[in-house]
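Using the hints provided, position chains B and C with the ligands relative to the given structure of chain A.
Protein chains in written order, with the working numbering: chain A, 131 to 563; chain B, 7 to 261; chain C, 328 to 648.
Treat the hints as calculated values from the structure; they're not laboratory data.
Possibly wrong hints are sitting among the right ones.
[What the hints assert, rightly or not] Simulated pairs of lysine-lysine, DSSO-like, Cα-Cα distance not exceeding 30 Å:
| no. | chain 1 | residue 1 | chain 2 | residue 2 |
| --- | --- | --- | --- | --- |
| 1 | C | K465 | A | K534 |
| 2 | C | K620 | A | K290 |
| 3 | A | K405 | A | K382 |
| 4 | A | K534 | C | K533 |
| 5 | A | K432 | A | K534 |
| 6 | A | K296 | A | K382 |
| 7 | C | K498 | A | K534 |
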Amino acid sequence: MDPSLKKVAEVWERETAIVEGMDISGPWNRMFGQRVIWDYSPDLIEEIAQLPGAESFAWCYQCGKCVPVCPVDVVGDYGPRKLYRRAQTGINLLDSPDLWLCTTCANCLRVCPKLVDMVQIMPAAREHAMLTGRAIPAELQEALENTAIYGNPLGQPARKREAWVKDAGVPVPILHQIQRPVEWLWWVECYPSYHPRGIDASIALARIFNALGLDFAILGREEKCAGDSQRLAGERGLFEMLAEENIRTLAKYEFRHIVVTDPHALNAFRKHYPKLGGQYDVWHYTTLLARELPKLQPLLTKSLPYRVTFHDPCYLGRHNGEYDAPRQLIQALPGVEFVEMLRCRENSYCCGGGGGGMWLDSFAAGHQRRRLSEERVLEAVSTGADTLVVCCPYEVSRFEDAAKSTGVEGRLRVRDIAELLAEAMGLIGEDAA
Amino acid sequence: MTIVVVMEQVPDVVEELAIAPSGTDLDRDAVSYVLNEYDDHALEEALLLAEASGDEVVAVGIDTTGELDQTLYTALAKGARRAIKLTGDFEGTWLSTRAAARLLVPVIQELGPRLVLTGVQAPDDLDGQLAPTLAALLGWPHASVVIGSELVDGVVQVRKELWGGITMTLELELPAVLGVQAARQAPRYVPISRVRQVMREASIETREVEAPDGLVPAVTTLRVPEQAGRAEILTGSPAEIADRIIELLRARGLL
Amino acid sequence: MTQRIAVLVEHLEGQPTDVTFELLGLARRIANTDGASVQAYLFGERVGHLAESLPADSVTVVEHSALHHLAPEPTARVLAALLPADLPRLLLVPNTSLGMDVAAWVAAALEWPLVAYCQALEHRGSRLVATAQLFGGKILADVTLDERPTVIAALAGAFAADAVNPGAPGKIERRDAPAELAALRTRSVVLERPEAADVDITRAEKIVAVGRGIESKDNLELAEQVAQALGAVLAASRPLVDAGWLPRSRQVGKSGLKVKPKLYFALGISGAPEHLEGMKDAELIIAVNKDPKAPIFGVADYGAVADLFEVSEALLERLEG
Ligand SMILES: Cc1cc2nc3c(=O)[nH]c(=O)nc-3n(C[C@H](O)[C@H](O)[C@H](O)COP(=O)(O)OP(=O)(O)OC[C@H]3O[C@@H](n4cnc5c(N)ncnc54)[C@H](O)[C@@H]3O)c2cc1C
Ligand code: SF4
Ligand code: SF4
Numbered sequence: 131m132d133p134s135l136k137k138v139a140e141v142w143e144r145e146t147a148i149v150e151g152m153d154i155s156g157p158w159n160r161m162f163g164q165r166v167i168w169d170y171s172p173d174l175i176e177e178i179a180q181l182p183g184a185e186s187f188a189w190c191y192q193c194g195k196c197v198p199v200c201p202v203d204v205v206g207d208y209g210p211r212k213l214y215r216r217a218q219t220g221i222n223l224l225d226s227p228d229l230w231l232c233t234t235c236a237n238c239l240r241v242c243p244k245l246v247d248m249v250q251i252m253p254a255a256r257e258h259a260m261l262t263g264r265a266i267p268a269e270l271q272e273a274l275e276n277t278a279i280y281g282n283p284l285g286q287p288a289r290k291r292e293a294w295v296k297d298a299g300v301p302v303p304i305l306h307q308i309q310r311p312v313e314w315l316w317w318v319e320c321y322p323s324y325h326p327r328g329i330d331a332s333i334a335l336a337r338i339f340n341a342l343g344l345d346f347a348i349l350g351r352e353e354k355c356a357g358d359s360q361r362l363a364g365e366r367g368l369f370e371m372l373a374e375e376n377i378r379t380l381a382k383y384e385f386r387h388i389v390v391t392d393p394h395a396l397n398a399f400r401k402h403y404p405k406l407g408g409q410y411d412v413w414h415y416t417t418l419l420a421r422e423l424p425k426l427q428p429l430l431t432k433s434l435p436y437r438v439t440f441h442d443p444c445y446l447g448r449h450n451g452e453y454d455a456p457r458q459l460i461q462a463l464p465g466v467e468f469v470e471m472l473r474c475r476e477n478s479y480c481c482g483g484g485g486g487g488m489w490l491d492s493f494a495a496g497h498q499r500r501r502l503s504e505e506r507v508l509e510a511v512s513t514g515a516d517t518l519v520v521c522c523p524y525e526v527s528r529f530e531d532a533a534k535s536t537g538v539e540g541r542l543r544v545r546d547i548a549e550l551l552a553e554a555m556g557l558i559g560e561d562a563a
Numbered sequence: 007m008t009i010v011v012v013m014e015q016v017p018d019v020v021e022e023l024a025i026a027p028s029g030t031d032l033d034r035d036a037v038s039y040v041l042n043e044y045d046d047h048a049l050e051e052a053l054l055l056a057e058a059s060g061d062e063v064v065a066v067g068i069d070t071t072g073e074l075d076q077t078l079y080t081a082l083a084k085g086a087r088r089a090i091k092l093t094g095d096f097e098g099t100w101l102s103t104r105a106a107a108r109l110l111v112p113v114i115q116e117l118g119p120r121l122v123l124t125g126v127q128a129p130d131d132l133d134g135q136l137a138p139t140l141a142a143l144l145g146w147p148h149a150s151v152v153i154g155s156e157l158v159d160g161v162v163q164v165r166k167e168l169w170g171g172i173t174m175t176l177e178l179e180l181p182a183v184l185g186v187q188a189a190r191q192a193p194r195y196v197p198i199s200r201v202r203q204v205m206r207e208a209s210i211e212t213r214e215v216e217a218p219d220g221l222v223p224a225v226t227t228l229r230v231p232e233q234a235g236r237a238e239i240l241t242g243s244p245a246e247i248a249d250r251i252i253e254l255l256r257a258r259g260l261l
Numbered sequence: 328m329t330q331r332i333a334v335l336v337e338h339l340e341g342q343p344t345d346v347t348f349e350l351l352g353l354a355r356r357i358a359n360t361d362g363a364s365v366q367a368y369l370f371g372e373r374v375g376h377l378a379e380s381l382p383a384d385s386v387t388v389v390e391h392s393a394l395h396h397l398a399p400e401p402t403a404r405v406l407a408a409l410l411p412a413d414l415p416r417l418l419l420v421p422n423t424s425l426g427m428d429v430a431a432w433v434a435a436a437l438e439w440p441l442v443a444y445c446q447a448l449e450h451r452g453s454r455l456v457a458t459a460q461l462f463g464g465k466i467l468a469d470v471t472l473d474e475r476p477t478v479i480a481a482l483a484g485a486f487a488a489d490a491v492n493p494g495a496p497g498k499i500e501r502r503d504a505p506a507e508l509a510a511l512r513t514r515s516v517v518l519e520r521p522e523a524a525d526v527d528i529t530r531a532e533k534i535v536a537v538g539r540g541i542e543s544k545d546n547l548e549l550a551e552q553v554a555q556a557l558g559a560v561l562a563a564s565r566p567l568v569d570a571g572w573l574p575r576s577r578q579v580g581k582s583g584l585k586v587k588p589k590l591y592f593a594l595g596i597s598g599a600p601e602h603l604e605g606m607k608d609a610e611l612i613i614a615v616n617k618d619p620k621a622p623i624f625g626v627a628d629y630g631a632v633a634d635l636f637e638v639s640e641a642l643l644e645r646l647e648g
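Next comes chain A alone, as it looks inside the complex:
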């Protein structure tokens, strides 16, 4: 054995020590002794770490790398290091507002040397809080109840999920009506089906698909929320229920690939549906359109005199590694000048909507100096851009609202990539949105 690895068997602390004529007496030599630190009880950390999925909570060694990259810390006081530290000092995460503030954006995981993984810790801790009968924020409760009853967090009737189609101005085939196999099953998701600004983007995308001659169809009223954000908010059971129903519905139809509007649905289909028996080839629409660029490019005939910047959705970028497709599409837009924000790609900021944040708006705002979405639109404006481009359905409504509340609405428009593409193709007018 390497002698240097040998444990010190015994330590003497000499009362006086004189080395080369110099008196260095003192308690210095105690550093060779073994110390056990009992200052803080590890109980509250253990309570979290014993939950399946949340083990890594206990691995934190307090290096602090996660804090400056945490988008919630930028506007508040947050980050895994701080949660660990608070648990040491007796604050139970399960009873603290902190439990609901993480958006599972995964930026901390990117830098954490110990792989402390909030993307798994948070859903486990939240589920445990619910199972132990702790109250959950009312906004979130309503979204979860709506999802269980109606299959969407907005509480809209299931039958209206396909109502937007009649305003599309182009054919949008619905599988239960056409009864034939298709190449692409377009998973529209909830906000693009029901929210007025989401519908604008859906109509734009429907027109682009038609212009490209894509063989596609939607599920319409049979589609239910893919459920990923509900899962991250702690409702694994609800997620499984939705996934089982969706998998049953998908099994009724023949298609080759799924194209999704929503990066959260992409994440669910890629990472969590397979465990429940749903194996699909799933694409985000930006990836699909980027692949179709040779066909798309000649159709982009109208020059758009905009200076644009782009917000990477957490669940498209960090979670699923797609950074380039949206940028290729933006750069293909004639006339458009593209500028990056400082926080972009792997280090992109978060809009605040992920991990259940979409349904914790007032709750989160009560614990932050400003909303994450507000922080982000100010960053967008600081680049000199007049248009903030997005490709996740949570974002148009969040950023438009944030532009209003920060007073930059006259200076910054928020557009889905599909809307800009459709505009450059002459498929929608400039103020269609």
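Leaving out everything else, chains B and C with the ligands in the frame of chain A:
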């Protein structure tokens, strides 16, 4: 001791409603059902009472939809000890309040609870609300529009909301019937994984019952009210607009 | 014996409520067509003096301490004791918090038919037809009444109070408290008024809601004055709450509170979907916005494309002046 909560599924008024060709009922094929929102409050109030008193909550429902199980399992997951479902030859019918009460009375008498709670009203109770109807048939004291209750020394103290925020506090001897408008706190959330676990582990007691007389409410015709449509635009100067607004409010007794 | 249309008189703290006069008006119209008379049931503790102010042909008065606040059990028991002998053609009861407990109890106890949530009652040929509002107001049910005495629980505000007063006060008939009142199982009954401290906008009947169109915190006072003049409470869209101009308890919408008042008067609110989620079920929505394309007009019953300050001032002049 026992607290009974009566829970009912009702047509979801968020969905579009259509009238059946008979003209006397909704088109039940197109209806989706949800738990009557006030019954959810009744359950919460019952659970709060039971948590304080150690009583046992029994959820009872009449299955007119074939879908009542979900509601009862959710009640069990939230803390009810037993769930009883009455089934019979009335699936898909619009049960009158009177008929519902007649079906419930024998079960309630058998359970011998000290309180029966149910929602203050339902979207389809044309022939009156269930709580006072049950109270009349049982001969028990009652109150509805209840927004809080407490069991003290063999009586229940209830707060009943009148209007404009005025409340009436009553003391009712037990057993009594309460029609709940709002529980003291918002109905609790129970995660679906708990409901699913309960579905595997617990069971619902099913009782076959005879359809009573006066099964459906006496309706001549149903119709859809004329749609007001989009806003009627008031035009003119601010003074003229103000005049019109005041006129509108007066006409509706709002001024 | 002429037929009678009976009305249960609802009163609070010594005053008959508005709906009582609405029901007496309705009873009068039905009675005129049928050649019937209008009978009022006036129960309470010391309420006899109210009898003279009631536009009815006869007033049946029962006074007893248990009837003080018209609590459900005593009121219902007295009615159930008197009705089998009186046998009116109709008993009209307000479908209010006090009335609905009594209507359903009495109808069930006597096995009389009942039509609740009644918003219209009229003759069609020789028959009376009651119309009830069901399924959140999305469906109306017409019920043709048969010959049996029937209880009608009528919605407040649905009927005009324009009863022709018969001139001389009606015949006043005092009755003894029925024996049932000796064996009540409802004990003490107390009324409480809300504490003025915190306003609960979900319980308010009338709401004046302001949005960013109000521009500055100083202008809130104007909106507050309008609210006061209308007897309404002030609520707001989220941006105003975020700015700290009003507390969170006044925020209407998805992440605020859901309200269903009788009046929602929106000043300078655009009508974002997140806001609409909290107020679209209000019974009457009136919106003032200077943008004719504001989505709030999509859910409003009445809209004015105008400056909210000018309209507010004009309203105040009329209501206060
Ligand atoms: C997740 C999430 C949750 C949210 N939750 C809520 C919520 O609970 N409640 C809520 O309200 N919002 C909520 N919002 C915000 C919502 O999207 C809107 O931003 C907000 O409702 C806008 O408020 P507003 O109508 O007052 O402001 P604006 O949209 O700016 O509208 C102001 C209106 O005033 C009009 N106006 C201006 N001056 C005048 C004048 N002199 N006279 C007449 N009219 C005038 C303008 O034409 C304009 O229509 C939420 C947003 C998100 C993303
Ligand atoms: S980066 Fe990882 S190890 Fe370091 S403080 Fe954060 S969570 Fe702990
Ligand atoms: S996942 Fe994102 S929001 Fe959550 S702690 Fe990590 S960096 Fe912060």
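Each hint tested on the structure:
With a C-alpha separation of about 36 Å, the suggested pairing of K465(C) with K534(A) is violated against the 30 Å cut-off. With a C-alpha separation of about 24 Å, the suggested pair K620(C) and K290(A) falls inside the 30 Å cut-off, and the hint holds. For the hint pairing K405(A) with K382(A), the CA-to-CA distance comes to about 19 Å; that is within 30 Å, so the pair holds. With a CA separation close to 28 Å, the supplied pair K534(A) and K533(C) stays within the 30 Å bound.
This hinted pair checks out: K432(A) and K534(A) have alpha carbons roughly 29 Å apart, not beyond 30 Å. Pair hint K296(A) plus K382(A) holds up; C-alpha atoms about 24 Å apart against a cutoff of 30 Å. With a CA separation close to 66 Å, the supplied pair K498(C) and K534(A) exceeds the 30 Å bound.
Consistency note: the structure conflicts with the earlier hints numbered 1 and 7.
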